[in-house]
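Please model the entire structure based on the sequences and the hints provided.
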Amino acid sequence: MSSCDDDHASLLRSHAGASSPSCPSPRGSAGHQHHADVEADEATVTASPRLASGGGGVRGLLRNLERRMSARGSGPGRRQHQHYQQLDRSVAIESPPSQRQRERAAAGDDDELGDGAPPEWALLLIGCLLGLATGICVAAFNRGVHVIHEWAWAGTPNEGAAWLRLQKIADTWHRILLIPVTGGVVVGMMHGLLDIFEQLKLVKSGQRQGINFVGAIFPTIKAVQAAVTLGTGCSLGPEGPSVDIGKSCANACSEMMESNRERRIALVAAGAAAGIASGFNAAVAGCFFAIETVLRPLKAENSPPFTTAMIILASVISSTVSNVLLGARPAFIVPAYELKSAAELPLYLILGMLCGAVSVVFDRLVGWFSRFFGHIKEKFDFPIIVYPALGGLGAGIIALKYPGILYWGFTNVEEILHTGKSASAPGIWLLTQLAAAKVVATALCKGSGLVGGLYAPSLMIGAAVGAVFGGSAAYLINSALPGNAAVAQPQAYALVSCLQLTFPNAISNNVH
1 MSSCDDDHAS LLRSHAGASS PSCPSPRGSA GHQHHADVEA DEATVTASPR
51 LASGGGGVRG LLRNLERRMS ARGSGPGRRQ HQHYQQLDRS VAIESPPSQR
101 QRERAAAGDD DELGDGAPPE WALLLIGCLL GLATGICVAA FNRGVHVIHE
151 WAWAGTPNEG AAWLRLQKIA DTWHRILLIP VTGGVVVGMM HGLLDIFEQL
201 KLVKSGQRQG INFVGAIFPT IKAVQAAVTL GTGCSLGPEG PSVDIGKSCA
251 NACSEMMESN RERRIALVAA GAAAGIASGF NAAVAGCFFA IETVLRPLKA
301 ENSPPFTTAM IILASVISST VSNVLLGARP AFIVPAYELK SAAELPLYLI
351 LGMLCGAVSV VFDRLVGWFS RFFGHIKEKF DFPIIVYPAL GGLGAGIIAL
401 KYPGILYWGF TNVEEILHTG KSASAPGIWL LTQLAAAKVV ATALCKGSGL
451 VGGLYAPSLM IGAAVGAVFG GSAAYLINSA LPGNAAVAQP QAYALVSCLQ
501 LTFPNAISNN VH
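No gaps in the numbering here: position 109 of the sequence shown is 109 in full-length UniProt numbering, and each next residue is one more.
Just so you know, not all the hints are guaranteed correct.
For lysine-lysine, the following DSS-like pairs were computed, each having C-alpha atoms within a straight-line distance of at most 27 Å [as the list claims (entries may be wrong)]:
1) Lys222 x Lys201
2) Lys377 x Lys222
3) Lys201 x Lys377
4) Lys168 x Lys401
The set of hints was computed from the structure by calculation and includes no laboratory data. As the structure is a computational prediction, the values presented were derived from the model and not from experiment.
Written out as structure tokens, the structure reads:
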């Protein structure tokens, strides 16, 4: 290497603006002119204030020099071009952090993605895979619920728990009491198994490498607990576990790649949408549920690109997989109702306020039972299997009088939304009692430690409250205004109140 090259290297290492001495060029005047151009470029960059910022200025200097060197076809210019390429690599490795990096470190921002983070378009592919995995898992979960239910309630009709009202209590009381209690005992035993795995997880937390197989056991056991809870008729719902399954799949995807907080929330939202879509066979409902409940803490400007598209893909694919594996039949059939007159709109406003009050009572009662069982645990320290068994026993005792509170799919909701011509269709007074009994039974089961969601119970409670309100309003209006008053059927109000009561409870309790 010539002495001119050594001078240029010294100039770059010192970040100074000292001029190198002139050196002869084997190509005569062209070499002197090239050397002068390089010195001019170096002096310009040396005077720039960006050079004081560290690696960013040096890299800019080297890139400028590379462009100058690449303009020369051969000779010393080509050798200097290769030399500066090597210097660029070494400076890029050894240079200190840039000003932007120092500012992010001072602000404590540790959400910057690493080199292993997937490109943005990969979120679309992840959304498809997440929808596929969630759909398969939720279908397996629903199939497990039906298998346990058919085994536990063998020999019973499939049209819902209403048939129990038509039977003699002496013939059915032992099954109504013992089956939910048995389910509670099994769930309590699995709570003990979860405690064992929790201890194992703490022991191996410092040794974790690769995929966390111990962590994957927890959502699996939770799904089995929910299947046992619902299969034995306890008063909870399957949509909460379905959402948890989707979130577990999303967390597994997040652990297998580098993700910042925004991407993790987006993945969980897609998993929740897929869980609702496959559980209810409703892709649109899954999308809205994820946006309303999961994406709320995520600011719009921080939302990763393609978040909405990922949620839609996961929801649609999960619903499609559920259709293929479980059939295309909807969760429950909704009859067609219509608004009779615009004068009814104030009635729906009153119904909304009533559903809000019932939702608050429901939420407070769930919290009260949770604290009650927590107090019993602290004071008496019974075995862990006792508390879910007490929840199942309480649900069984209530079901002796109101068997409609037992989980029997969505046939109970369909019964309320029916036109009321069947012999087993409940009247207004029975619906009032059934709504109150369902609130107490669901809060009791949830607080005792049984595993399930509040979404499906909220649907039934809302349907019952709406039917009671619609029937009462029609009776009062027809009494005050003799004649054919333009009031919709009570089932129309039941259909509206399903959503009015469901979404406040779904948001406040996150359907766990």
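Checked hints:
At most 27 Å may separate the alpha-carbon atoms for a hinted pair to count; Lys222 and Lys201 meet this at roughly 16 Å. A hinted pair counts as satisfied when its Cα atoms are at most 27 Å apart, and Lys377 with Lys222 qualifies at roughly 21 Å. Between Lys201 and Lys377 the CA atoms are separated by roughly 24 Å; this keeps the pair inside 27 Å, and the hint holds. The suggested pairing of Lys168 with Lys401 holds, with an alpha-carbon distance near 11 Å, which does not exceed 27 Å.
The structure fails none of the hints (numbered hints given earlier).
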